[in-house]
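Visitor: Starting from the given sequences, assemble the full structure and let the hints guide the process.
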Amino acid sequence: MIRVEGLQKTYGRGERRVVALEDVSFEVARGEIFGILGPSGAGKSTLIRCLNLLEQPTAGQVFVDGVDLVALDAPELRRQRRRIGMIFQHFHLLHSRTVAANIALPLEIQGGYSGLERERRVSELIDIVGLNGREHAYPSQLSGGQKQRVGVARALAADSSVLLSDEATSALDADSTASVLDLLRDVNRRLGVTIVLITHELNVVKSICTSAALLERGRIIEKGSLSELIASSNSRLGRSLLPGELPASTHGGQVFDLEFADAEASSPAITALAGALNVKVQLLAGGIELVAGRRVGRLQIAVTGTDVPPHPDVVARFLRAGGARVSPR
Amino acid sequence: MNTISPAELAEVLLTGTGETLYMVGVAAVCTLLVGLPLGVLLFLTSEGAPIGRASGLHAVLSAVVNVGRSLPFIILLIAVIPLTRFIAGTTLGSTAAIVPLTLAAAPFYARVVQLALQEVDRGRIEAAVAMGATLGQIVHKVLLPEALPGLLAGVTLTVVVLVSFSAMAGVVGGGGLGDLAVRYGYERFNTEVMLATVVVLVILVQLIQTLGDWLVRRLAHRR
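Just so you know, the protein sequences line up as chains A and B, in that order.
When we follow the numbering used here, the leftmost residue of the first sequence carries the number 1, and every step to the right adds one.
When we follow the numbering used here, the leftmost residue of the second sequence carries the number 1001, and every step to the right adds one.
Simulated from the structure, these hints should not be mistaken for laboratory data.
Using N, Cα and C, we set each Cβ at its ideal position, and we do this for glycine too.
Misleading hints may appear alongside valid ones.
A short, non-exhaustive set of chain B residues, derived as facing chain A with CB atoms under 7 Å [what the hints assert, rightly or not]:
1. 1123
2. 1124
3. 1131
4. 1132
5. 1133
6. 1136
7. 1137
8. 1145
9. 1146
10. 1150
Far from chain A by the CB rule (all over 12 Å, computed), these chain B residues [said to hold, decoys possible]:
11. 1041
12. 1073
13. 1086
14. 1088
15. 1091
16. 1130
17. 1134
18. 1135
19. 1138
20. 1148
21. 1149
22. 1186
23. 1188
24. 1207
25. 1219
Guide: Have a look at this one:
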């Protein structure tokens, strides 16, 4: 759906030349929710703005649905942009228009809709984003979460197949963030809209993305589907997606730190450990969460209880057989 | 003869008010028609504007506007007499005053428009660009509606300036309240007429300002 190749963006020239993006390439399949995670100043914003050419790349290509946006002339670029919706951290709704009129704006810009068709489409979208009853409110009368719902409706109005999200939840409180993320997941599933989002919040990637990339200093450090990232033991992004940072242990016995990409498979191994080696297994810290449809987690356990404790390697081998990554303390 | 009967006073005041309203009214409409597009162009071509950016054109427009704003109105009034004859077909009377009034107020309003448009959040303009809007659509669907309260407050400001400029219209026989004050009050030492004129002018300006403020408040209220 989206393919970015060798994207480069620099500002200024000569001594004051700043490289914002360096050789960025990635691909987003149709129907994916692709998250680009990175600290502030990593170039996230520049990157997502290059995807609809709000920012002109210095070099490289941006294909959306097979069309190279960089090669287009102005009228053709405008036509392509109409199929790419965008939502913003600060919403950027028009204060002079009501909710309904804000959502109708892309339809007016695109043209070819009668007044009646516009109204029908707008009320359809109001339903989708759950703003019934607020059609005639002005943006200043809405909460942040409601404003972003208007933003989403507006971005989808012209039957967009791609939605770009520029830190869409960063200005929202926790509850609104969760509800906007639910909405994004919902439009992705129900309407098949491909979503590319940038965020500095790991939580956003965790809760809705199907794949992700880590951007640092203008470069993509790693990328992949969430399950791939989690399964790979040397992926920084994958490891940061696991819950429960484990503390240094103060326990006297044999302590093991476990990570698992699939708790369905690994948990039975922990339970079975007690019987098989005739030990007591004590949970010290950690957590298990649902990420990308799989139970993943980190646990710290202590093994105690017999006069002659089993060799740590034996315990570790047993747990590894269950799919866990094990590091003895 | 220093006094004037109340009936006469009422008559000259009425005539003067009528002439002022005529000159200011028509000049205000012309000012809007010239100043608004000029201001939009000034904004669109300015450095840092998200669209357009034509520094050459901007420099020329900006220079023209600055010359228009720096000339004292009394000098402009006389300097443009040939142009006035060309446009209005006469160089005397209220109608003849409308040309210089517009020429003086349009650059002023253009700057007000430019400032009002600069206040529109860049992000909203960018959102429209991302939707695939053309430059024309951005101007009439985003810039002008979003800046409307500022544009309207600017009209009030400009009309009040026009009222004060119109006081000099007497030079070309334009009449009006200001002319009345000068002819009766200043030249004939008729304090009564001068005071009455000033009172009418003050009331007029108050009315314009109140109306303008009310409109702006009504607009801002629902946003």
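Visitor: Confirm or reject each hint.
Guide: Hint by hint, here is what the structure shows:
Taken as an interface hint, residue 1123(B) checks out: its beta carbon lies about 4 Å from the nearest beta carbon of chain A, inside 7 Å. Because the smallest distance between the Cβ of residue 1124(B) and any Cβ of chain A comes to about 5 Å, under 7 Å, the interface hint for this residue holds. With 7 Å as the threshold, the beta carbon of residue 1131(B) comes within range of chain A, its nearest partner Cβ sitting at about 5 Å, so the hint holds. For residue 1132(B), the shortest C-beta to C-beta distance to chain A is roughly 4 Å, which falls under 7 Å, so the interface hint holds.
With a least beta-carbon distance of about 5 Å to chain A, the hint placing residue 1133(B) at the interface is held under the 7 Å criterion. Look at residue 1136(B): its Cβ only gets to about 11 Å from chain A, farther than 7 Å, so that hint breaks. Nearest Cβ of chain A to the Cβ of residue 1137(B): about 6 Å, under the 7 Å cut. The hint holds. Because the smallest distance between the Cβ of residue 1145(B) and any Cβ of chain A comes to about 4 Å, under 7 Å, the interface hint for this residue holds.
For residue 1146(B), the shortest C-beta to C-beta distance to chain A is roughly 5 Å, which falls under 7 Å, so the interface hint holds. At a threshold of 7 Å, the smallest CB-CB gap from residue 1150(B) to chain A is about 12 Å, leaving the interface hint violated. At the 12 Å boundary, the C-beta of residue 1041(B) stays outside the reach of chain A, the nearest C-beta of that chain being 19 Å off. Interface exclusion of residue 1073(B) from chain A stands, the closest Cβ pair being 35 Å apart, more than 12 Å.
In this structure residue 1086(B) is separated from chain A by more than 12 Å, as the shortest Cβ-Cβ distance comes to about 40 Å. Separation of residue 1088(B) from chain A is adequate, the least Cβ-Cβ distance of about 37 Å exceeding the 12 Å criterion. The Cβ of residue 1091(B) lies farther than 12 Å from every Cβ of chain A, with a closest approach of about 43 Å, so its non-interface assignment holds. Not every beta carbon of chain A lies more than 12 Å from that of residue 1130(B), the smallest distance being close to 5 Å; the non-interface claim is violated.
At roughly 7 Å from the closest C-beta of chain A, the C-beta of residue 1134(B) falls inside 12 Å, breaking its exclusion from the interface. The claim that residue 1135(B) lies off the interface is violated: its Cβ sits roughly 10 Å from the closest Cβ of chain A, which falls inside the 12 Å cut-off. The beta carbon of residue 1138(B) is not kept farther than 12 Å from every beta carbon of chain A, the shortest such distance being approximately 9 Å. Not every CB of chain A is more than 12 Å from the CB of residue 1148(B) (nearest about 6 Å), against its label as outside the interface.
Against chain A, the non-interface label of residue 1149(B) is violated: not every CB pair exceeds 12 Å, the least being about 9 Å. Residue 1186(B), annotated as away from the interface, keeps every beta carbon of chain A farther than 12 Å; the closest lies near 47 Å. Taking the minimum C-beta to C-beta distance to chain A, about 52 Å, the non-interface status of residue 1188(B) holds against the 12 Å cut. The claim that residue 1207(B) lies off the interface holds: its Cβ sits roughly 27 Å from the closest Cβ of chain A, which is beyond the 12 Å cut-off.
Interface exclusion of residue 1219(B) from chain A breaks down, the closest Cβ pair being 8 Å apart, not more than 12 Å.
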